[in-house]
Structure formats: C-alpha cells, structure tokens
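J.: Here are the chains, one letter per residue:
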Amino acid sequence: MAEGKKTDRVRSIDPAAIEMLKVADERGIETMFHRAETGSICPTGAEGGCCKVCYMGPCRFIGKDKETKRGVCGASLGTVVARNYVRECAGGASAHADHGRDIAHTLLLIGRGEAADYKIKDPVKLRKVAGYFSIDTEGKGDQQLALEVAEAALNDFGRQEGYQTYSYRAPKKRQELWDKLDVRPRGFDREVVDSMHRTHGGGDQDADHLMRQAIRMCLASGWGGSMLATDLSDIIWGTPKPLTSESNLGILKDDEVNIIIHGHEPTLSELIVDAAQDPEMIEYAKSKGAKGITLGGICCTANEVWMRRGVPPAGNSLHQELAILTGAVELMVVDIQCVFEGLAPVAEQFHTHLVTTSKKATITGATHIEFEEERGLEIAKQIVKMGVDNYVNRKPADVHIPDIKSPVVAGFSHEYIRYMLGGTFRESLVPLNDNIINGKIQGVAAIVGCNNAQTTQDEGIIGLVKNFIENDVLVVVTGCAAHASGKHGYLTPEMFEHAGPGLSEVCETTGMPPVLHMGSCVDNTRILTILADIVETGGLGDDIDQVPAVGISPEYYCEKALEIATYCVGSGAYVIFGGVDSRYRASEVVTNIHGNKWEEIYGGKLHFIPEWQGIFEASMAHIQKKREALGINVEKERVLFDMADRRA
Amino acid sequence: MATIAREIEGIRQTIAGGVARGVQSYLDLAKARLEEARGSMDSDKKIEFFPNTGYFLPVIYAITGQKVETLDEMALVIDKAEKLITPAPAAKLWLPYLGETLDNGMAALWLAEIIEALKYVGAGPAPVQDIWLGAADDIIMRQRGVEFVDGSAPGFAAVTGAAPDTETAVALAREMQGKYLYVFIAGGSRGTTFAHQLAEGGVEMGWDTRLVPFGPEIYGHIYSVGFATRAAMAFGGVKPGDYKGTLKYNKDRVFAFVLALGEVDDLKYAAAAGAINYGFPTIAETDIPEILPTGVCTYEHVCSDVPLNAIVAKAIEVRGLKIVITEVPVPVAYGPAFEGERIRKEDLHVELAGPKAKGAELTVIADDVEDGKITVVGPDVDEIEPGTTIPYAVLVEVSGRKMQKDFEPILERQLHHFLNEAEGFLHVGQRDIIWERISKKAVGAGFKFEHVGKIIHARYHADFGGIVDKVQVTIYTKEPEVTELLTKAQALYHERDERIGSLTDESVDTFYSCTLCQSFAPDHVCVITPERPGLCGAYNWLDGKAAFEINPTGPNQPILKGAVIDQRMGEWEGVNEFAYSASHNAIERFSAYSMMENPMTSCGCFEAISVLLPMCNGVMTVDRDHTGMTPCGMKFSTLAGSVGGGAQTPGFVGHSKFYMGSSKFLSGDGGIARLVWMPKKLKEELEEAINANAVKAGYPDLYAKIATEDNGTEEEDVMAYLAEVGHPALEMDPMF
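Protein chains in written order, with this note's numbering: chain A, 1084 to 1731; chain B, 13 to 748.
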C-alpha cells in the first residue's frame, strides 16, 4: 500500500484514526485515505473546466486562454462552470430536501395512525410549526395536527404557485431583498426541475443568471426542505437539549455487541436505539455471551441519535471504514448519504454485516433489509438481532479497539439556547446579542460540514475551533465538524479554560462549552434560525448580513456542502470553504460572481481558502469589519435610566 | 487562567450549586409547613392569606396565573415548583446551568411566597411581630406606587443580611434614603439583621421613612418581589399568567436591586436567582463569585467584594439607574425618605405656628428679587428656649420671565414637601394652617432658620427652573411681622380661590395631558381639565400648565380641545386625537364626564373608583383606603385590577377624590345625583365638597341620602335604603 503515498501527507490528526490506519496498513486493507493517495484525480475537473451536459463533447477548458474558449456548442467557460455549480447544488439540495420530505412522510403516517412505533415527542413544537403553516390548532389533538402539518409540508415541496411557507421566517429585510431580486423560493420540486432544465444543453447560458438560480434553489432547501427536516424531526423525536456522551472509536466495547448506525435520517436509527435498549434484546445478547449491546454512530445519523438519545458517536465520515477495521463491529446499518461503497470490501474482510435499508440506496455486496415506517420497530429489531447473532462470529484476533475517546456535551437546539440564556421565564437571545455587542463575544463562527480524504482529517476544523475560541469567537458546529470537535475534546464545558477571557466569562455564566454542538448537516437550518432570531432580537443590525458571523466548511467534500453554502450566502452570510480548492476556479467570471458580486447583491459571499490559517484570518477580518459597521467595535458608555427614559 | 478558573468553579459550584441546594430547602420547608397547616384547617377552605390584596399570592398569580386561595391550590403550586427544580450541576462535564438556575430561582420565589403566606394561617412564626411588618397590602402598594411612577422614588434596594456594625448600617440606610430609594429589608447575617441594627441606631423605620422591615428570614423578600409584581399588574396592565410581560415590565421599569450584606448562604443565592428573573441584580459586600456578562439583567448580574462605602453607588450603576439629586445646603440629611418622619414632643426644640400660634406661608411674584437673599426677622433657633412655640411666617418672592400669577399657589404648595424632606424638620398643612417642628437633633447639627430659606431657594431652582429665575426668602419669627404677613396672605388666598372657582372647562381652550405614569403604565394617558383633576389627585389643570412651562417636552402637554363632539359627555375632537396617539392607538374616543361611554383610562394610581350599580340606577364610589366589601361585590383591591393599566372599561372609572366636588363629576351620566353609596369615612371627608356640588345640581338634601357600609354592602340592601330615603337616582333615566 505504501507505494504512491505522498510522503509529506498527514492523513489525520485524530490519534484513533492514525492507530486504525496503521492496522489497515499492516493488514493491507485499503480505505479512502489510501485511495486519496493512489487514485487519480482529474486535473481538468478539479478546476471545473469540464462540460459534459451534452454528447457533442465532453469539452475541456484548460490553458491560459480558457476563459475565451468555446465548447462545441459555443458555451463559454463561465456558462460551463456556472452550469456545473447549479447542477451540483441541485444534487446537494435534493439530498437535504428529500431528507425533509422523508420525515414529513413519517409524520404523515403518524397522523394517519399508520406508524405506531412513532410518537409526537414535542407537541409544543408541533403547534409552533402548525402556526407557520397557518393551521388552526385550537382543540386539535397531536395526531390530527401531525396529519395537517405533514400534508401542508408535503404540499410545499410540490407547490405549483406562490412561495415556500418557511421563506417567510427570514428577517423582514431579507425577504424584501428576495422579492426585489425575485429569488424567494417557489416549491422545492419546481426549483430543482427548473435548475436541471435550464442547465440542459442549449438552455440558460449566462453565468450571472445561472448563479441566481443556484441561490433560489438552495434557499428552497435552506428555508424549506432542510428546515422542515429539522423541525419535523424535533416534533417526532424531541427537540434536543444538552446531554453528555462520549466520542470516538474508543466507545466500542470488546465484550459487547457493537452496532454502528451510519447515514442521515433518524427514522430508522431512533428505532434501532429502541430495539437495542429493549431488555429482551439485551438478555438475548447476554445469551450469546456478550455483556450487552453498544450502539455507536457515524456521520449525521450519529448526530441525530447523539443529541436526542445520548448514543455515543464513533466518528465522522472518514471513520466509517475505520470502525469496521476494529474487528469489533457486528453490524453496520446504513441509510442514505455519505455511505461509501468502499465499506463493502472492508466489511468482507471481517465478520461485520453491512446492512442497507433505504429504498433509495443499496450497495453491491451488502445485505438489504428494506425499511418501512409501518413496521419500523419490527425491522429495527430484526437488524439488531442480526447483529447480536453475529457476535459469536467475532474473531478475537481481529479485534483492535483504540482506547481513545473523549467526553462530550451535545444537543444545543435553537430552543435550548434561548432557554439556556434566560430559563423558562426569560428565554431569549438577548444575552447573546448583548455579549456580542459588548465584545465579550467578538462574533460567531459556524464550523460545519464534512471530512475530505484529500485533506488531513480534522486538522482544519480543529485549527479553526481552537483559534476562534481563543479569540473570543463563539463556535457552533454541526455534521462531521461536530464529530471532530467532540473527538478532540472541544465539546466539554471544561474547555472554557482555553477560551479567551470574554468568551470564557460567558461560558462561566451559562455553563456552556465554548463550542456548541447544534446537530447534523441538515440542522444547519438551526443556525439560520438563530441568525434570524439574532436579527429579530435587535442591536446587531436588521438583516443577517450585518451580524458578525461567518460560516466555514474547512474540509468539505460533497454537493450538500455547496448547497448549504449557497443558501447561507443567499441569506446574507459569509461562507468559506477549506481543504480542497474551488471546483469553479477555472472561470474567473464565476469566481467573481460567488466571491464578489454576491456580496454586493446578497451581502454574503463564498470564498475558497484551502489553508485553515487563511480562513481564520479572513474570518477575523470579516468579523471586525461587521463590528465596525455596527459601531460595536468601540466600548460604549453605560446608559443610566432616569424617569424620562422609562417613559420613552 | 488561574483566576478565571477559580471564578468559574465559583459560579458553578457556589452560585448554581447554591441556588439548587437552596431551593431544595425552600421546597422541604414549604411542604412541611403545608402539612402543618393541613393539620389545623380544611384544605379546600377559601382563605385570604395576605391581608387586603386583589392579587392573591401576587408572584405566583402574576407568573403562573394561578390564584392561591386554598391549601390545595398551594399544593398544586408546590408540585409545579418541584417540577421546575433542577439539581446542582455536576463537578465534571457539567451541563449548562444558567437557565436551570433561573428556573430554580423562580421556584424559590413561589415557595417563599407559600412559606410566608402559611405564616398568616399559623404555620411558622408570626409574620408581623417585633419590628417586622410582613406583607404590604394594596393600599400601601398603590400609595407608594405613585412615588415610583412620578420618580420621587427611583427604585428600591432589597437589603439582606446585616452590616458589620450598627453605625455602618445607619450610614447605609441614610445614604439610600438620601438617594430617594426605598429600602426593603429581610433576612439576616452576622447574627443579626439590618433592621435590628437600624432599630439599635435609633433610626425610624416604616413605609413613611422608606425603610421597610419585611421579615427576619430571607423568605420575607418575597414581599419586595410581590410589591414589584403587583406594580406590573396594577399600573402596567399586565395580565396574570403573562410572565413575560411581568418580568419585562420589571426589568424595564422597576429599578430594584439586591444588596447582600455579610455571608451569602444557599437560601439567599436561591432568592437572588429569583430576583435575576426580574432583572434585579445582586451586589454583595463579601467575596462571592461575580456574574458580569449582561443580558438577563440590564447590566451585570452579580457584583461582589464591594466596599460598603461604595456599595450603594455601585448598585445604582449596576442596575442602570440615574438618580438626580438636588444638592440642598443644610447641615442635616435631606431627601423624600424624611418626609414621613415624626418629631415627638420630647425631641422637639421649637414648634412653629400650629394650633398655639399664628403662622402663614406665601409665595408671590415680585419685582426686585435678589436671588439667594435670605432674611430672618426675629430670633433664630438657637435664641429660642427649647420646647417653646413661636409665631412664624415665610414669604417667598420669586421672579422669572415665564412665571405667572397662576403658578404662585403651585409653587407655594410644594413648600410642604420641600421642607419636610429635611431630617428633623416637620411640616404640616399649608397657607395659614401651617404647623412645623424642628427637632433638637437638627438644631444640634446646626440647623437654623436660614436653612429653611436655603431649602426653598435650592428646590425652587431645581424643580421650577423653567419658570423661576430668582428666589428670595424672608422668615418672620416674631410679632407683629407675622400677623402683618398673615393679613396680606389671607387676602391673596381669597383672591386665588375666587380665580380657581371661576375656571371651568368651558372657559379655557386648552387642557393638559399627563403621561407622567407612562413610566409605569405605558398605554395610559390622563387628560386634565380645570374641572377634572388627574385621577391620582396630585395634579390639577394649573399644575399641568405650569409643568408644561417648566418642561415643554415633558409629560404634561397642552391639548387643544378643538371642536365639541358632545358637550354633555365631554368629548372633543382635539382630545380624541391626542388620546389616540398618546395611548399608542389604544384609545379612540374619550369622554371626560362619563363612566358609561368611553370613560377615561387609569394608570392604577387613582384615589377612588366609581362603579355602576345597575339595580340602583346609580353609582358607588370607593376610595383606596377602604378595605371592606362594597355593594358591587368587589373590594377596592379587586376593582382596581379591572380599571388600571390603561384599560377603558365602561361602568368603571378611576378618579381623584377632589373630582367628586366638581359639577362635571360624571355629569354626562347624570352627575352627583347618581351617587348612591360610598364608604362612611370618605363621605365624611368629602362632606363639604359633595354638599356644595349637590346644592348646585339642585339636590340640597342629597348628602344624607347617600348610603354607606352602615346601610349595607349588598346592592339589595343599598336599594332598600335608597327607596326608604327617596334617593333621586331612582327617579332618573336609566343609566344604560
């Protein structure tokens, strides 16, 4: 395996990953880390100068004069790259919004009484969401409301006229801008079909016009499908509030049945948790010689059951193969997104069962047990039992569990953050805004997204997290960046000691860690909600683009990341991508659109800065720029109130 | 890093942990006391736990909407509190605790209120004993509330613990009195309490001196919170159960803070966390952990290790309070807290005027006024034999471009307040019925008659600087000068009365608004006409006019009446327009003379409420001092809840007592002849005014026909009495 390896390359900064990769190297088992070193990455595609939307090509745009070249059809590089951008966003948006649609479908079944294994765990939020859809809640039970909310949500996806309901949750000024620019999102399905249509050969052939559609389509996911995924999941499985757990491969146990849940949607994973905690099942495991059943999560489904059930996360997406390499995983059950085919050959080397469950996703070589909500728990039990039955096949010689794990506190929903800052009776974001205004917190950095096998795992994420908190920037994390923060100890409240003086004081007061775990990648909408709430709360401008905040995906790998970035930009945020360089850099026209023009139009922009140090500098400069614009960069004199002030 | 670490440990373990442990103790005690009470009374028996209030257990009522009138209902609240409680944060890998700590604090408030309420039914020590006053009833809350509304009391300090010694306690109390603050006292430390220290130091306590000892245990501070909570409901119109409204009102408008002296134990931490929900921060003498980030309170939440000589100033700054002090150059303490102070005979150095000697007070416009000139004609205080009474008169001459003759009585009337605020100086009455005393202590401190002049000079400039440029004062302490001034003054008093009597609503084209109360009652607006003074009784039309001259952008604005819409009801276009905008579009129409159609709104400071008695075809009026039941089936305290907070409620109207002598008293509804019932004490107090009004209206024998509680407190009984005496209301047109 060693041949072809870039000698200066560090694969990961996570000691558990390093340990497992050593095992892989010793046993000659190939992983993503290895293939990133040996596989061939297309240099033309890496820059984005490749068009394959029709069969007169593919056309390649390389060389110094590439910007002035034309494809066979006459397409300019700007058109080609913008078209790629839009199509890749369509892929990402479809993944996230379809996740939302699946949850809405589960809610519909609950409403119809056809999914007995699910309950409404947050009836308060159900009513709140019903309010967004203008559904009268008076005198209605949970089931009835679940039905009505689910129908309204599903209708929004396919809405043929008017705009997405959730778009009206954005700050007033942002909505006015969307209306002025005609980018308020219509029904989600319309936006994606529109995007695929206009990027067909001989369709929309103007980079600015194409990129505008990228914004509108992604807003349909951010302020629509994705936000619904979050809200409806909270309704069914509960709105998260902080809990403690442990993180990294060390959570696997050498004397228990280990089952890994991997993928994205909580629909199955929640029931797997129920099945694994069933006393009968635990007894059954004991009958097989195990002391119990340990569940561990990978990727975003891990985030879902971590923050709602305390199920310990085994790691981020680059850990999926490494978990199996421990030789201690009886079964890995997966659904959709970021579940890689490379799992199957790794699992073949061990006793591990790889079980696919989604109607949308099977993997050659894996066992497929199709999941249906109507028989949810029954199927979950079948899968868990399959794992338990496999325990006897574990080969002790194969077992290598790294003794590495870190305690974590996770589960900061928007609702809990409001509660955290004022309790039941004074819940609000006022203390957050106040402490941003007074400078104890300089700004907020959302560090989100993936791992990428081409970059050193967790390095960019952790470099940024560490430096931000040291400089009094509050960090919120989701997705695989949340895993990274957890594995490296940044999700513990004790971390206040490593925060700057202002942030650590706020941590002291609230008891929160300086890094807040806000959920899975679809839950980036929680961050949108917080940003809108910050604006609503007051004192930090009247639109999201004025808030001293930045969104970063330091190790992005997928189309979903691009879609998140684009809806954040359309909402006014500055987004920076790190790790691998821009896939759109071939075109200066497109680079200028997302890097400059968008800022003029939307107040937000997207930059690609591969090194995390550069991201950090750009972020701090941006935060200071926003603080100056708000006039909060200088200390304000204390306002004392006399009677006339109280009458005002 | 090391210091930060220590403080962080402190907040989590000492404060969050302390609050969690503290509230558990509250819970245990509340449960035990409830069981004790259940042993001696029925659990479902209706009880008024706190005396004379329309707000039940006010904190619980305001926050949860739950009326607690039985032990069973108390048990429900205890359950609710228990559900709200979260245990102390873990030593390692703790979960966030701020929200939980605030919830624990709120639970502590409910439980403290229950613990105190149970004392009133015999479970636990008697709430009113020794120096302790226990609960403040609604009368006190409304009277004192006015001072919070008009700014004469900028806020209150909730003092807990005790100072290191009596001397320091007295100095702290004096400092807070000097800053116009109310000082609410409960709980002790160092083996004693702040109140006991003040008693030892010979300091007079009670509502009149603004030093209010609620109770010896920390639970007694629930009366401080209850006072603030009732203010939100009474003046702010916040509805019970609207906890957000109550807490926001208090954060924005009630400038209170906790002053912790000596050790802060877990019980106190729990109470302090409750107070933070209200936006009331804690300032501690001792070195407890600080909570400096802002947000729940306006500024810091807990400040500690503050030297006692700086603690009051620090507290005021932390609460975000601006107190404007008028420096008055006198050798004694000065401030509204001394207004209610008494001077007993044995403490008396000299008595001025009063029943045993002649006297007068007169403020007039004059030419050739030399600003600051003070002349004493006659012997000074140190030349008078202690214990004697002397004739005494004060002539204040003022000039100023904006000064008008109409303002003379306004300025003159203020002498009562201005002089009373000096420690050791008592002022009673006005005009030629003044009665004043100077204490031995004040004379010992160097107080002389010139200081009377200095007080008047300083306060006239401070309070009336907009209209007065120059002030000179002459003090007469011997005959015949006193009699000479008295004679001149009496002629002027008569002239003024004639002038005031001729002022009618028709004779002026401008009324005055009063939104002084908007600091407390945001949607309320008073319209003051010559014949309808402000409902608090403290501001008449001339006051409004003068106040506008003094401060053209202040809370009293001229309102051009505009075209008459309905003369009988007292409705004008200009007034409607003004009321609409000043009430933030809450009130569209406004009748000055009717309680049935678009009556005027009330802040909560009203002296009296008139209520329709439908069977009697008339109106009953009850004043805030009357605690008994009334024929409308509600006590004043309950009625006040339906009238206050800027709400327009036909059939109910708040007003001043003085208004009952006006020919415009409910004239749109039939006038004084509608008056069928009032408390006996009020009736006697207003006999002259009611008689005069009734004679003018053509009912010379009305006074005797007005029923009181002696004739009944059920409408049927009142009705029977009216029929028996032939009350004119029975013959009038139906009221609605």
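No lab work stands behind these hints, which were simulated from the structure alone.
Please note that a few of the clues may not be correct.
Said to hold, decoys possible - Quick list of the computed label-pair ranges, beta carbon to beta carbon: (1) B:S593 / A:L1264: 36 to 46 Å; (2) A:N1675 / B:A103: 51 to 61 Å; (3) B:V737 / A:K1223: 56 to 66 Å; (4) A:P1206 / B:A103: 31 to 41 Å; (5) A:E1577 / B:P99: 11 to 21 Å; (6) B:R202 / A:A1712: 47 to 57 Å; (7) A:N1476 / B:A103: 38 to 48 Å; (8) A:G1621 / B:S654: 40 to 50 Å; (9) A:P1479 / B:K92: 51 to 61 Å; (10) B:G640 / A:E1234: 58 to 68 Å.
Given the structure is predicted, the values throughout are model-derived calculations rather than measurements.
Quick reminder that beta carbons are idealized off the backbone N, C-alpha and C, glycines included.
J.: Now tell me, hint by hint, if it's right for this structure.
T.: Outcome of the hint check:
1. B:S593 / A:L1264: 36 to 46 Å: Given a distance of about 37 Å, which is inside 36 to 46 Å, the answer is holds.
2. A:N1675 / B:A103: 51 to 61 Å: 55 Å, holds
3. B:V737 / A:K1223: 56 to 66 Å: 59 Å, holds
4. A:P1206 / B:A103: 31 to 41 Å: Once the Cβ atoms are compared, 35 Å apart, the range 31 to 41 Å for A103 (chain B) and P1206 (chain A) holds.
5. A:E1577 / B:P99: 11 to 21 Å: 20 Å, holds
6. B:R202 / A:A1712: 47 to 57 Å: Holds, since R202 (chain B) and A1712 (chain A) (Cβ atoms, about 52 Å apart) stay within the stated range.
7. A:N1476 / B:A103: 38 to 48 Å: 42 Å Cβ-Cβ, so the 38 to 48 Å window holds.
8. A:G1621 / B:S654: 40 to 50 Å: 34 Å, violated
9. A:P1479 / B:K92: 51 to 61 Å: With a Cβ separation near 55 Å, P1479 (chain A) and K92 (chain B) satisfy 51 to 61 Å, so the hint holds.
10. B:G640 / A:E1234: 58 to 68 Å: This hint holds: roughly 59 Å between Cβ atoms.
When the structure is compared with the earlier hints, a violation turns up for hint 8 alone.
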